[in-house]
Amino acid sequence: MSVINAPLVGGASASAQAAEAAASRGIIRTILRSPRGVCAVAFLLLVIIACALAAVIAPSGPIVQDLSAVNRGPSSHHLLGTDALGRDLLSRLLYGGRSSLVGVAEAVLALLVISVPLGVVAGYTGGAVDRVITRTADLVMSIPVIIILLAVLAMFGRSMSTAMVALGVLGAAGVTRVVRSAALAVREEAFIAAAEVMGQARRDIIFRHILPQCRGVIVVQTSLFAAIALGVQTGLTYLSLGPAPPAPTWGGMVGDAVTAFYTSPWQIVPPGAAIALTVVAFGVLGDVVRDAIADTHSAGASGRPPHRARRPAPAAAPAEALVHVEGMSVAFGSGADETTVVQGVTFTVGAGEAVGIVGESGSGKTVTVKALAGLLPRTAAVTAGSISFAGTELSAGGRRAYRRVRGHGIAIVTQEPMRALDPTFRVGKLLADLVRAVDRCSRGSARTRALELLGRVQILDPEDVAQRYPHQISGGMAQRVAIAMALAGRPKLLIADEPTTALDVTVQAEILDLLRGLQRETGMALVLVSHDLGVVAEICSRVCVMYAGEIVEVAHTEELFAQPFHPYTRALLNASPGGRSDTTALEVLPGGVPSPRGWPIGCHFADRCAFAVETCMAAPVPLRPVFDADRQARCVRAEELAAPVEAAT
Amino acid sequence: MRGGWLVRIIGIRILTAIPLVLLVSFIIFALESFVPGNPAETILGQNATPQNVAALDHQLGLNRSFLVGFWTWLTGVVHGNLGTSILSGESVSSLLDGRLGVTLSLVICSVLVSAVVGVGLGLLSAYRGGWLGTALDVVSLAGLALPTFLVGTVLVVLLAVRAKVFPATGYVTLAQSPVAWFEHLVLPVCSLSLLGVASVAKQARDSILEALEADYIAMLRGNGMSEREILAKHVLRNAAMPVITVLGLVAIGTLGGTVFIESVFVLPGLGSLATQSTVDHDLPVILGVGLYFTVLVVCINLLVDIGYGLLNPRVKTR
Chain A
1 MSVINAPLVG GASASAQAAE AAASRGIIRT ILRSPRGVCA VAFLLLVIIA CALAAVIAPS
61 GPIVQDLSAV NRGPSSHHLL GTDALGRDLL SRLLYGGRSS LVGVAEAVLA LLVISVPLGV
121 VAGYTGGAVD RVITRTADLV MSIPVIIILL AVLAMFGRSM STAMVALGVL GAAGVTRVVR
181 SAALAVREEA FIAAAEVMGQ ARRDIIFRHI LPQCRGVIVV QTSLFAAIAL GVQTGLTYLS
241 LGPAPPAPTW GGMVGDAVTA FYTSPWQIVP PGAAIALTVV AFGVLGDVVR DAIADTHSAG
301 ASGRPPHRAR RPAPAAAPAE ALVHVEGMSV AFGSGADETT VVQGVTFTVG AGEAVGIVGE
361 SGSGKTVTVK ALAGLLPRTA AVTAGSISFA GTELSAGGRR AYRRVRGHGI AIVTQEPMRA
421 LDPTFRVGKL LADLVRAVDR CSRGSARTRA LELLGRVQIL DPEDVAQRYP HQISGGMAQR
481 VAIAMALAGR PKLLIADEPT TALDVTVQAE ILDLLRGLQR ETGMALVLVS HDLGVVAEIC
541 SRVCVMYAGE IVEVAHTEEL FAQPFHPYTR ALLNASPGGR SDTTALEVLP GGVPSPRGWP
601 IGCHFADRCA FAVETCMAAP VPLRPVFDAD RQARCVRAEE LAAPVEAAT
Chain B
1 MRGGWLVRII GIRILTAIPL VLLVSFIIFA LESFVPGNPA ETILGQNATP QNVAALDHQL
61 GLNRSFLVGF WTWLTGVVHG NLGTSILSGE SVSSLLDGRL GVTLSLVICS VLVSAVVGVG
121 LGLLSAYRGG WLGTALDVVS LAGLALPTFL VGTVLVVLLA VRAKVFPATG YVTLAQSPVA
181 WFEHLVLPVC SLSLLGVASV AKQARDSILE ALEADYIAML RGNGMSEREI LAKHVLRNAA
241 MPVITVLGLV AIGTLGGTVF IESVFVLPGL GSLATQSTVD HDLPVILGVG LYFTVLVVCI
301 NLLVDIGYGL LNPRVKTR
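Protein chains in written order, with my numbering: chain A, 1 to 649; chain B, 1 to 318.
Possibly wrong hints are sitting among the right ones.
Derived pair list, reagent style SDA-like, types lysine to any residue, alpha-carbon separation capped at 25 Å [to be verified]:
1) A:Lys-429 with A:Arg-447
2) B:Lys-164 with B:Val-154
3) B:Lys-316 with A:Met-418
4) B:Lys-233 with A:Val-258
5) B:Lys-233 with A:Arg-436
6) B:Lys-233 with A:Arg-468
7) B:Lys-233 with B:Val-315
8) B:Lys-233 with A:Pro-59
9) B:Lys-233 with A:Ala-84
10) A:Lys-429 with B:Trp-5
11) A:Lys-429 with A:Cys-441
12) A:Lys-429 with B:Leu-212
13) B:Lys-233 with A:Gly-398
14) B:Lys-164 with A:Ala-84
15) A:Lys-429 with B:Gly-309
16) B:Lys-233 with A:Val-269
17) B:Lys-164 with B:Val-315
18) B:Lys-233 with B:Leu-112
19) B:Lys-316 with B:Thr-245
20) B:Lys-233 with B:Val-154
21) B:Lys-316 with B:Glu-210
22) B:Lys-164 with A:Val-269
23) B:Lys-316 with B:Arg-13
24) B:Lys-164 with A:Val-258
25) A:Lys-429 with B:Arg-314
26) B:Lys-316 with B:Leu-236
27) B:Lys-316 with A:Val-258
28) B:Lys-233 with A:Arg-404
29) B:Lys-233 with B:Thr-245
30) B:Lys-233 with A:His-471
31) B:Lys-316 with A:Leu-451
32) B:Lys-233 with A:Gly-475
33) B:Lys-316 with A:Arg-404
Hints in this document: simulated from the structure, not taken from any laboratory.
Turn these sequences into a full structure, and let the hints guide you.
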C-alpha cells in the first residue's frame with residue numbers, strides 16, 4: 001500500500017502481447033491450470049462467501065460483548081478468541097471483512113469504469129485524444145493520493161465508500177496508461193488493419209478485437225490494484241478514519257490488538273493474517289496471469305545451463321592449426337528441457353587463414369562462434385567436444401583459460417553494430433578503456449592508441465568520433481568502432497558475426513573491404529559468419545556450411561562454388577542471387593529448418609532434400625572426406641550426386 | 001552547452017509542477033463543494049455552535065463562491081501564506097515547517113536503505129542466483145502482502161514492546177542527539193523500506209541480468225576487459241537507469257506510507273499531522289500538507305530526471 005502507483009512497475013512491459021496470449025488461452029483456464037492460481041481463487045472465494053454470510057455463520061453479533069470472557073485465546077466457544085471487551089473475534093472478522101471487501105469492490109469498479117474506456121480509446125484512436133489522455137494521466141499519477149483520501153474522509157464525514165471510489169479514480173491514471181499501451185500494440189496488428197479495410201465499424205473493432213486482446217492486462221492490473229486497495233482500506237481503518245467504533249473493521253481490529261498486546265498477544269493474529277492472506281491472494285492472482293503471459297514470450301530463455309559433459313582428453317591438434325574445434329556440441333537449458341542446438345561441430349582455422357561459416361538463421365552458426373569465443377549466454381553450455389586455440393585447450397580451462405587469450409588471442413565483433421557499443425560511454429573512452437585493459441598502459445597512451453585504432457579502421461576524423469556517443473554515429477561507423485575494439489589487443493584471430501547484415505549495401509562493401517585489408521595487413525586469422533555465401537566468397541579462402549546444428553560441408557571457396565557436394569549447399573548456391581548463374585530460376589527450398597527439438601535421427605536435411613533415400617533417414621550421417629582429404633561433406637550420396645553435375649559442366 | 005540539459009529538465013519539472021499544484025488544491029477545494037448541506041456544519045460536526053459555523057464559513061471562504069475562495073487561497077500561497085489551522089489558530093506554514101524534518105528524515109533514510117540494500121540483494125541474486133533468487137521472490141511477496149502499517153505494528157510489538165530493543169514511539173531530532181535520532185528511526189524506516197527494498201532488488205536483478213546478456217558486454221568481455229571492470233563500469237551503469245525509475249516510485253510510495261507509519265510510531269511529522277487534521281476536520285492544514293506532499297513529489301521526480309540524465313547520454317546530448 002505504500003506504493004500507491006505500484007501497478008505501473010513492470011506492468012507496461014507485459015503490455016499487449018501479454019493480453020493477446022492470455023486472451024487466446026482463456027484467462028480463467030490460465031489461472032486454474034496453475035496451483036498457485038487455484039489456491040488464490042479458492043481463498044478469495046472462501047473469504048467473500050464467508051463474509052457475505054456473516055449474519056448466518058457468525059457465532060454472535062460483531063458488537064456483542066461478553067465481559068465475563070475478555071482477552072481469551074481460541075477455544076471451542078470462541079474459535080478465534082475474544083478481544084478486550086469480550087467480543088468474539090471470528091464474528092468481528094467476518095462482519096469487518098464485509099466493509100473491507102465492499103471498499104475494494106468500490107475502488108476496483110471506479111478504476112475499471114474510468115481506465116478501461118479511456119485507455120482503449122487513447123490507444124486505439126491515437127492522435128490528439130491520446131495525447132490529452134496520456135498527459136492528464138501523467139499529471140494525476142503525481143498526485144499524493146493519500147492526502148486526497150484524507151481530505152475526502154475529513155469532508156465526507158468518514159465515508160469510506162467515497163474514499164475508496166476516490167482511490168479508484170486516482171489509481172485509474174496508471175492503469176489507463178497500461179491499457180493504452182496494450183491497445184496501441186493491438187492496433188498495430190495486421191488483423192485490425194484488415195478489419196478496418198473490410199469496413200467494420202470502429203465500435204465493433206473495439207468490442208470484438210481490441211478489448212478481448214487487452215483482457216489479460218486488465219486482469220493483472222485489477223488484481224494488483226485490489227491488493228493495494230485492501231492495504232489502503234485496512235490502513236485507513238487502522239487509523240480509525242473509517243466507520244466509527246464499535247463497528248468492526250480489519251484495520252480497527254489490528255489497532256485494538258496492539259492496545260491489548262501485553263495481556264493478549266494472540267489477538268493480532270486473526271486480523272493480521274486475514275489482511276496479509278487476502279492481499280497475497282490478490283497479488284498472486286495478478287502474478288499468475290502475468291507469468292502465463294510472459295512465459296509464452298520467453299520460453300526457452302530462462303532456466304539453468306546444461307551440465308557440462310566430462311571432456312575426453314583433448315586430441316592432439318594439428319600442429320599448424322590456430323583453432324581446432326573437435327566434436328563440439330552446445331545445449332541450452334538443463335534436465336528435461338536440455339536442447340542441443342549445435343552438434344558434433346569440427347573445424348580448424350589455420351594461422352592467418354580466413355574461414356567462412358555459412359547457413360540460414362537457426363543453423364547454429366552464431367552459437368558455434370559464441371562457443372568458440374567463450375561467450376555463450378548463461379543458459380547455454382558446451383556439452384561435448386573440445387575447443388583449442390594456439391595449442392591451449394579452452395573449453396576445459398573455463399573462464400581462466402579464456403581470460404588469457406581474449407583480446408591478444410581471440411577477438412570478436414558481435415552481430416548488431418548499434419548494440420555492440422555501451423550506449424553510456426563516449427566512443428573514445430570506451431575504446432581507450434579496452435586498450436588499457438588489454439595493454440595495461442597509461443591513460444595517455446591508451447588514448448593515443450584509441451585514436452590510432454580509429455584511424456586504422458578508416459575513420460576520417462578520429463578526434464571527432466571519439467567525442468561522440470554511440471547514438472550519435474551511424475551503423476557503419478559503429479561497426480568500424482566495434483572492429484577497432486576487436487583490434488585493440490592485436491588478436492591472432494578475429495571472429496566477425498554477420499558483420500554486414502545490419503548495414504546498407506554500400507556500407508556493407510566498405511566494411512568487407514576493411515576486414516579484408518586488415519586481415520592482410522595484420523596477418524590475423526578471420527572467422528566470418530554470414531547467411532550470405534556471396535559475402536563469405538569475397539573474403540574467405542575456406543567455407544564451412546552449417547545446417548540445423550551441424551556442419552554439412554567444408555571446402556575451399558572456389559571448389560565449393562564450382563562443385564558443391566551436399567544438396568543443401570547446392571540449394572543455398574542456387575538461392576543466392578550472387579551465386580551461380582547457371583540455373584534458370586531461383587530455386588526455393590520447400591519447408592523450413594527443423595527446430596533443434598525436431599531433429600531427425602538421420603540426415604537433418606533429408607526432409608527437404610530432393611535426393612533423399614532410405615539410408616539417409618536410417619542413421620546419423622557423419623561428416624567425411626569426399627574425393628579429397630580437404631573436402632568434406634555430410635551426405636551419403638555425395639560422390640554419386642557430384643558426378644552428373646561435373647559431367648554437365 | 002554542457003549543462004543545458006540540466007536547465008531544460010529543471011524547467012520542464014517546474015512547468016509541470018504548476019498544473020500539478022493547481023490540480024491537487026483544486027480537487028481538495030472542489031471536494032468541499034460536493035459536501036451535502038453546509039460544509040462548515042459537516043466539518044464541525046453535531047456539537048457546532050452557530051458562531052463556530054459562521055466563523056468557519058468565513059475562514060474557508062465558504063460564504064464566497066468556491067472559485068473566489070480558491071483564488072484567495074492561491075494568492076495566499078504565492079505570498080507564502082497557507083492560512084491558519086482551524087483547531088489551533090496557528091499559521092499552517094509554521095506548523096508544517098516544524099514537522100517537515102521528521103518526514104524528510106523518514107523518507108530519505110527509507111529511500112537510502114531501499115537503494116543500498118535493494119541493489120546489493122539484486123546484485124547478489126543476479127550473480128549467485130539459486131536460493132537467493134527464491135528468497136528475494138518471497139521477500140517481495142511479503143513486501144507487497146504486508147501493508148506498511150501492519151509491518152510497523154508487528155515490529156513495534158515484537159522488537160519494542162516485547163524485546164525492548166528499540167524505542168516503540170516518539171522522535172528525537174538529529175541535532176538533539178544523533179544516536180537517539182537513529183534509534184527512533186530504525187523501526188519506522190525498516191517498516192517503510194521493506195517494499196522498497198523488494199521492488200528495487202527485483203528491478204536491479206532483472207536489469208543486471210539483462211545488461212549481462214547485452215551485446216556490448218559480450219564485446220567488452222570477448223575483447224579482453226576483466227569481469228570486475230565490466231561489472232563496475234558498464235553493467236552497473238546501464239542497469240542503474242531502470243533502477244532509478246523504480247527508486248523514484250518507491251520514494252513517492254514511501255512519502256504516502258509516512259501517513260500510516262508516523263501514526264503507528266507516534267512521530268510528529270507531516271503524515272501524522274494529516275491524520276490528526278482529518279480527525280479534526282482541519283481543512284487548511286490538510287490543504288497545506290497536500291501542497292507540501294505535491295512539492296516533494298515534484299522534487300523526487302526532478303531528482304529521478306537528473307539521475308537519469310547523468311547516466312543516459314541521450315538526455316544530455318539531444
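Hint check:
About 8 Å separates the Cα atoms of Lys-429 of chain A and Arg-447 of chain A, which keeps this hinted pair within 25 Å; it holds. Distance check on the hinted pair: Lys-164 of chain B and Val-154 of chain B sit about 13 Å apart at the alpha-carbon level, within 25 Å; holds. For the given pair, Lys-316 of chain B sits about 19 Å from Met-418 of chain A by alpha-carbon distance, which is consistent with the 25 Å threshold. For the hint linking Lys-233 of chain B to Val-258 of chain A, the alpha-carbon distance of about 49 Å lies beyond 25 Å, and the restraint is violated.
Using a Cα cut-off of 25 Å, the hinted pair Lys-233 of chain B and Arg-436 of chain A holds, with the two alpha carbons roughly 14 Å apart. In summary, the hint linking Lys-233 of chain B to Arg-468 of chain A is supported, as the alpha carbons are separated by about 18 Å, within the 25 Å threshold. As the CA atoms of Lys-233 of chain B and Val-315 of chain B are separated by approximately 19 Å, the hinted pair is consistent with the 25 Å bound. Taking the CA atoms of Lys-233 of chain B and Pro-59 of chain A, the gap is near 64 Å; set against the 25 Å cutoff, the hint is violated.
For the given pair, Lys-233 of chain B sits about 59 Å from Ala-84 of chain A by alpha-carbon distance, which is inconsistent with the 25 Å threshold. Restraint check for Lys-429 of chain A and Trp-5 of chain B: the C-alpha separation of about 21 Å stays at or below 25 Å, so the hint holds. For the hint linking Lys-429 of chain A to Cys-441 of chain A, the alpha-carbon distance of about 14 Å falls within 25 Å, and the restraint holds. Between Lys-429 of chain A and Leu-212 of chain B, the direct Cα distance comes to roughly 20 Å. Compliance with the 25 Å bound is thereby established for this hinted pair.
Straight-line distance between C-alpha atoms of Lys-233 of chain B and Gly-398 of chain A comes to about 24 Å, which keeps the hinted pair within the 25 Å bound. For the suggested pair Lys-164 of chain B and Ala-84 of chain A, the alpha carbons sit about 24 Å apart, so the restraint of at most 25 Å is met. Among the hinted pairs, Lys-429 of chain A with Gly-309 of chain B is consistent with the structure: their alpha-carbon atoms are about 19 Å apart, no more than 25 Å. For a cut-off of 25 Å, the pair hint linking Lys-233 of chain B to Val-269 of chain A is broken: about 48 Å separates their Cα positions.
With a CA separation close to 50 Å, the supplied pair Lys-164 of chain B and Val-315 of chain B exceeds the 25 Å bound. Annotation: proposed proximity of Lys-233 of chain B to Leu-112 of chain B holds, straight-line Cα distance about 21 Å (limit 25 Å). For the given pair, Lys-316 of chain B sits about 17 Å from Thr-245 of chain B by alpha-carbon distance, which is consistent with the 25 Å threshold. A hinted pair counts as satisfied when its Cα atoms are at most 25 Å apart, and Lys-233 of chain B with Val-154 of chain B does not qualify at roughly 41 Å.
Under the criterion of a C-alpha separation no larger than 25 Å, the hint pairing Lys-316 of chain B with Glu-210 of chain B is consistent with the structure, at around 24 Å. Between Lys-164 of chain B and Val-269 of chain A the alpha-carbon distance is near 20 Å, which keeps this suggested pair within the 25 Å criterion. For a cut-off of 25 Å, the pair hint linking Lys-316 of chain B to Arg-13 of chain B stands: about 16 Å separates their Cα positions. Taking the CA atoms of Lys-164 of chain B and Val-258 of chain A, the gap is near 15 Å; set against the 25 Å cutoff, the hint holds.
The hinted pair formed by Lys-429 of chain A and Arg-314 of chain B meets the criterion: a straight-line CA distance of about 16 Å does not exceed 25 Å. Between Lys-316 of chain B and Leu-236 of chain B the alpha-carbon distance is near 19 Å, which keeps this suggested pair within the 25 Å criterion. Taken as a hint, the Lys-316 of chain B and Val-258 of chain A pair is broken in the structure, with Cα atoms around 52 Å apart against an allowance of 25 Å. About 21 Å separates the Cα atoms of Lys-233 of chain B and Arg-404 of chain A, which keeps this hinted pair within 25 Å; it holds.
Under the criterion of a C-alpha separation no larger than 25 Å, the hint pairing Lys-233 of chain B with Thr-245 of chain B is consistent with the structure, at around 20 Å. The hinted pair formed by Lys-233 of chain B and His-471 of chain A meets the criterion: a straight-line CA distance of about 19 Å does not exceed 25 Å. Annotation: proposed proximity of Lys-316 of chain B to Leu-451 of chain A holds, straight-line Cα distance about 24 Å (limit 25 Å). Between the alpha carbons of Lys-233 of chain B and Gly-475 of chain A the distance comes to roughly 24 Å, so the proposed pair stays at or under 25 Å and holds.
Between Lys-316 of chain B and Arg-404 of chain A the CA atoms are separated by roughly 38 Å; this puts the pair beyond 25 Å, and the hint is violated.
In this structure, the hints that do not hold are numbers 4, 8, 9, 16, 17, 20, 27, 33, in rising order.
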